[in-house]
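Colleague: So the chains spell out like this:
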Amino acid sequence: MKRGGVVELTGAEIFAQCLKDEGVEYLFGYPGGAVLHIYDALYRQDQIRHILVRHEQGATHAADGYARSTGKPGVVLVTSGPGATNAVTGIATAYMDSVPLVVFTGQVMTHLIGDDAFQEVDAIGITRPCVKHNFMVKDVRDLAVTIRRAFHVATTGRPGPVVVDIPKDVTAQKTEYVFPADPTLRSYRPVTQWDPQGVRRAAEILLEARRPMVYSGGGVVLGNAAAELTELVGWLGAPCTNTLMGLGAFPASNPLFVGMLGMHGTYEANMAMHECDVLLAIGARFDDRVTGDLDKFCPHARIIHVDIDPASIQKNVAVELAIIGDARGVMQDLLSALKASHRRLDKEALGHWWKQIGAWRARDCLRYDRDNVDVIKPQYVLETLHRLTRGDAFITSDVGQHQMWAAQFYHFDKPRRWINSGGLGTMGFGLPAAVGVQIAHPGELVCCVTGEASIQMCIQELSTCKQYDLPIKIVNLNNRYMGMVRQWQELFYQSRYSHSYMEALPDFVKLAESYGHTGLRIDKHGDVEAALKEALGRRDRLVFLDFITDQTENVYPMIAAGAGHHEMHLSSDRELA
Amino acid sequence: MRHIISILLENEAGALSRVAGLFSARGYNIESLTVAPTEDPTLSRMTLVTSGSEGVVDQIRKQLNKLVDVVKLVDLTEGQRIEREMLLMKVRADNGGERDEIKRLSDIFRGRIIDVTESAYTIELTGDGSKLDAFIAVIHPRRILEVVRSGVIGIARGDETARRLSA
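Chains as they are written, first to last, in our numbering: chain H, 1 to 577; chain Y, 578 to 744.
Okay, chain H solo, but in the shape it has when bound (with noise of 0.2 Å):
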């Protein structure tokens, strides 16, 4: 090892190496022919923990849920060919909610590198659309450099993945090691400062309105910044909304909290977002699913727009006040900016606005059919879930009709506890996302709300929770439809149910069982709340609880694709506002 005095490190043990001066505490991954001597590498080592998982994609969702629920940078170590494949779903998932990530895939050596050579694929071409950026190292004088640039760029600015493809033998040639001191590139300067004038004059715009309206997304939790913006939103005294990413950011059970909005946003939070007349956004994309028809989208206000990515300025919806800065640090400059002005948000007509948003609070508009016991209702078992946890798990999900229940019935009052694949909407995302969550947090009570469906896709992850003894806790609502598909099919193609019925479902307690788990199958509506109890104080295993659901229960309130926020569906049977 030594020559000269000089420590010389293989590539392998320099990668090991960043990596603890990193600060990573766990990696989560499957090894493979081109990943070996990292492999090795890793056996000889005892700081950094290695979570086997049972498939690539489930690498990716591990450590994105490890990354979510702790704001710390999730690590993956892939090999190459059908391991750097079957990560790209989780790394686009990754990607379009911004988490961040540093994905290590294998690659064949470098002279072989474009010939087809056992298990090569081009992972930096198949990543390069879905990916913040990522690099190959061709010498193993750039590895630690490329590493310590790689966490760079993943965890500042907007946040979002970063893949390092490494040919097998840039991992055995042997270098000096030295933690290279500056990540920085010329090319990626991510804003650390904004206007300060655009600040005032949000201030002044804010101060102006006489109808209110904050609209927070994924970037506030990104950008820890839910305790900001908690206080800016109460001096405001403006209802708050969050999107399916933003959900927690601001404590549900604040009264001046109107929901999420969207599709399958309130009622309420919808309308205010129609009738409001200074619309502050922050940390929001005015994504499709949030905006509906784009011509209908908030009518009457003046919309001030923070976000840390220039591009999501103006991209969608065109603003008058755009702020390009950190969430955190904006709303502290714009809270201090208000409290100088001496001057105070009109009473009277903010009066008038929380009468207006009383009135669409009246409607109810999560309202279900609570009083028929003969079937479990999905959202009574959410209602229960977070009755009986106080609100206060870890609720990761999967996607489709579960999801939106979970994030309408379950009240998020902290950031970082609402796991789910918003963007791509992966199914398959929950239960690999539990496991990175349960390992990031190992007292804690850990949640997978999910479906028949989607628990299917990575349900291999199952082994993985009993290899490292996680108890989470999988709350499967099994109506054996897919049912967002299904209540589309309903909606939109008159009922023709198109491949949307799942056939021949496995037994999921003995299947939870064969995997050393406890499973239990509840299909009356009156043990509901004692099996929920029953798993929840089984704080030592995994209990897969198989709820049988109505199977025709859709997820109301509604908007359309393409129609406007006032342009709402409360139900099957109550149709308009």
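Keep in mind that the hints were calculated from the coordinates and are not lab data. Please read all numbers here as calculations on a predicted model, not as lab measurements. It is possible that part of the hints are untrue.
Derived lysine to aspartate or glutamate pairs resembling EDC-like cross-links, with alpha carbons at most 20 Å apart [as the list claims (entries may be wrong)]:
1) H/K466 <-> H/E444
2) H/K347 <-> H/E275
3) H/K315 <-> Y/D652
4) H/K355 <-> H/D469
5) H/K466 <-> H/D369
6) H/K315 <-> Y/E631
7) H/K414 <-> H/D392
8) H/K138 <-> H/D116
9) Y/K667 <-> Y/D677
10) H/K524 <-> H/D371
11) H/K72 <-> H/E444
12) H/K138 <-> Y/E723
13) H/K510 <-> H/E567
14) Y/K643 <-> Y/E631
15) Y/K649 <-> H/D309
16) Y/K639 <-> H/D287
17) Y/K643 <-> H/D287
18) H/K20 <-> H/E275
19) H/K315 <-> H/D346
20) H/K524 <-> H/D540
21) Y/K639 <-> H/E320
22) H/K174 <-> H/D40
23) H/K524 <-> H/D392
24) Y/K649 <-> Y/E660
25) Y/K639 <-> Y/E587
26) H/K138 <-> H/D115
27) Y/K639 <-> H/D309
28) Y/K680 <-> Y/D710
29) Y/K667 <-> Y/D684
30) H/K138 <-> Y/E587
31) Y/K643 <-> H/D309
32) H/K466 <-> H/E490
33) H/K315 <-> Y/D635
34) Y/K639 <-> H/D195
35) Y/K708 <-> Y/E695
36) H/K174 <-> H/D287
Given the structure of chain H, go ahead and fit chain Y onto it with the hints provided.
Modeller: Just chain Y now, with coordinates in the frame of chain H:
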């Protein structure tokens, strides 16, 4: 509207594909794209001609700036600029009258004949796009054997430079 965007880009493998991939992934138009190393071997210069509404071009600039390999971006359309494109054209010239006529047209457009055979001339011509279009229009289509255009390059007038702006 048509925009000429000049980009200084890290001279690294894959940088070009990031730009090209961005345009196809987001459905933006590329009219032409040229790329070559600069006097600083770590940087490439890319000149890109695109078109779209102001909103779309604004997004194109922002999305390009977001690419980690982009060091500096200047929209040359915003100021006084010089644009050039090179054309190489092979034309049939197999009798005396034709050969004289093509030579004359080439001279009028300040082109140069750079290769000659018994039956063909190859002409080199530089200018802005409209000049090249005009030249192509005056040559009878049946005489044109092949046309190769370089795509547009451009530079700002005056003493402003993208390099200095990037420092």
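Colleague: Check whether the Cα positions of H/K466 and H/E444 lie no farther apart than 20 Å.
Modeller: holds (17 Å)
Colleague: Straight-line Cα separation of H/K466 and H/D369 no greater than 20 Å?
Modeller: violated (38 Å)
Colleague: Hint check: Y/K639 vs H/D287, CA-CA at most 20 Å. Holds or violated?
Modeller: Judged against 20 Å, a Cα distance of about 18 Å means the pair holds.
Colleague: Given the proposed pairing of Y/K639 with H/D309, does the C-alpha separation stay at or below 20 Å?
Modeller: holds (9 Å)
Colleague: Is the hinted pair H/K466 and H/E490 satisfied, with a Cα-Cα distance of at most 20 Å?
Modeller: violated (39 Å)
Colleague: Given the hinted pair H/K315 and Y/E631, is their alpha-carbon gap at most 20 Å?
Modeller: Holds. H/K315 to Y/E631 sits at ~11 Å (cutoff 20 Å).
Colleague: Does H/D287 lie within 20 Å of Y/K643 when you go C-alpha to C-alpha?
Modeller: Holds, at about 19 Å.
Colleague: Hint check: H/K174 vs H/D40, CA-CA at most 20 Å. Holds or violated?
Modeller: holds (15 Å)
Colleague: For H/K138 and H/D115, compute the direct alpha-carbon distance and say whether it is at most 20 Å.
Modeller: It holds: about 16 Å lies between the C-alpha atoms, which stays within 20 Å.
Colleague: When you check the alpha-carbon spacing of H/K138 and H/D116, does it fall within 20 Å?
Modeller: holds (18 Å)
Colleague: Quick one, are H/K414 and H/D392 close enough, alpha carbons at most 20 Å?
Modeller: holds (8 Å)
Colleague: Y/K643 and Y/E631: Cα distance at most 20 Å?
Modeller: holds (18 Å)
The structure is inconsistent with the numbered hints 4, 5, 12, 13, 18, 19, 20, 23, 32, 35, 36, although it conforms to all the rest.
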